[in-house]
Amino acid sequence: MFKLVIGAVKGRGKDWGPSIFSSLIKRAEDLAFLEKDDGLDSLQVIGRGGCGEVYKAELPGSNGKMISIKKIIQPPKDAADLTAEDSNILNKKLRQNRSEITTVGRIRHRNLVSLLAHVTRPDCHLLIYEFLKNGSLQDVLRQVSEGTRELDWPARQKIASGVAAGLEYLHMQQSPRIIHRDLKPANILLDDDMEGRIADSGLAKAMPDAKTHVTTANLAGTVGYIDPEYHQTLKFTDKCEIYSFGITLGVLVIGKLPSDDFFQQTDEVSPVKWMRNKLVLENPSQAIDPKLLGIGYDEQMMLVLRIAYFCTLDDPKERPNSKDVRCMLSQIDTQANQVNNDNVGQG
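In this note's numbering, the protein residues as written are -15 to 331.
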């Protein structure tokens, strides 16, 4: 019976097979190599996660266009264990997954990494994205901490503003609304202009306007970026995503990831509590990445840190929404540009 379900998944009918969302992929046949059992064996692995590997490949017939392929493993089921009811449930789940991926595949925004196509195999989903050579924000920040790369404050603020714009688009300009559910520096990729673009829609969920949250059977997201309330209730709202964005803003200002040993050695342990104490009880400038202090951007960094504070408030109702955050960051950008112009004029 499971074989019958898999037969439907593999494309026996117009409802299955590769789904193409971009004109960059001219023909479905260009993705045929991914449907083979050994289709990924010769490809370069550029990342690994809990769901599977990420590969880099050249898109056939594209004159050298590079793509990234994210593999999302589907847990195997023994055909002997599948009842008719199990088969129906599995088939329904596969249709829902495909519907949600199709929804994400149709969205386009300069601050989102475009999903180009989706291929279903019996053992996994393959999500095909455009490849961005500058890598993830997490990779860049680690290189900065190791002293092998620089990332000044204007570049960090540009990344923050771009991600906020992408979130606003997902949360407030789509119907149904879309929540990413795993926002973090590792899922923010940087394009050729070092613009921040939200990546990895593997956990994304469409949320009908009539609903205030999505209830999940298992915890989605990454430790350090998960809203404590969601951890308790398993009800994910857009304000849970704002919490994750607040942590990411804090990372940009502080220059440290939640997983860094630094926080384990503090009294607070939690980066959110540490940030709050620095802002409210101690010297706020101690929360700023020392590499960025005294270069002319201290006031702007403090303002962004306060936005991070508001985004991570304990009560989700008191947190700003994505439009509020984007507007606040835009105002800081405007003030920074005015200061820079004044300095140029005085020079």
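Source of the hints: derived by calculation from the structure; they are not laboratory data. Here the structure is a predicted model, which means the values were calculated and not measured. Some hints here could point you the wrong way.
Unchecked claim - Within a straight-line C-alpha distance of at most 20 Å, the following computed PhoX-like cross-link-like pairs (lysine-lysine) qualify:
id : residue 1 : residue 2
1  : 142       : 219
2  : 262       : 275
3  : 117       : 142
4  : 40        : 117
5  : 257       : 240
6  : 275       : 240
7  : 142       : 307
8  : 262       : 240
9  : 10        : 40
10 : 257       : 301
11 : 142       : 275
12 : 10        : 49
13 : 49        : 117
14 : 240       : 142
15 : 20        : 40
To be verified - Here are the in silico distance ranges between beta carbons for each label pair:
id : residue 1 : residue 2 : range
16 : 207       : 30        : 21 to 31 Å
17 : 68        : 129       : 48 to 58 Å
18 : 131       : 22        : 37 to 47 Å
19 : 269       : 318       : 42 to 52 Å
All C-beta atoms in this analysis are idealised placements derived from N, C-alpha and C, irrespective of residue type, glycine included.
Cross-check of the supplied hints:
1. 142 with 219: Given that 20 Å is the threshold and the Cα spacing comes to 31 Å, the pair is violated.
2. 262 with 275: holds (18 Å)
3. 117 with 142: The hint holds at about 18 Å.
4. 40 with 117: holds (10 Å)
5. 257 with 240: holds (14 Å)
6. 275 with 240: holds (12 Å)
7. 142 with 307: Holds, because 16 Å separates the two Cα atoms, which is no more than 20 Å.
8. 262 with 240: holds (15 Å)
9. 10 with 40: holds (19 Å)
10. 257 with 301: With a Cα-Cα distance of about 19 Å, the restraint between residue 257 and residue 301 holds, given a limit of 20 Å.
11. 142 with 275: Distance of about 17 Å is within 20 Å: holds.
12. 10 with 49: This hinted pair holds, its Cα atoms lying about 12 Å apart.
13. 49 with 117: holds (12 Å)
14. 240 with 142: Given that 20 Å is the threshold and the Cα spacing comes to 18 Å, the pair holds.
15. 20 with 40: Holds, because 17 Å separates the two Cα atoms, which is no more than 20 Å.
16. 207 with 30: 21 to 31 Å: 23 Å Cβ-Cβ, so the 21 to 31 Å window holds.
17. 68 with 129: 48 to 58 Å: holds (55 Å)
18. 131 with 22: 37 to 47 Å: 41 Å Cβ-Cβ, so the 37 to 47 Å window holds.
19. 269 with 318: 42 to 52 Å: violated (23 Å)
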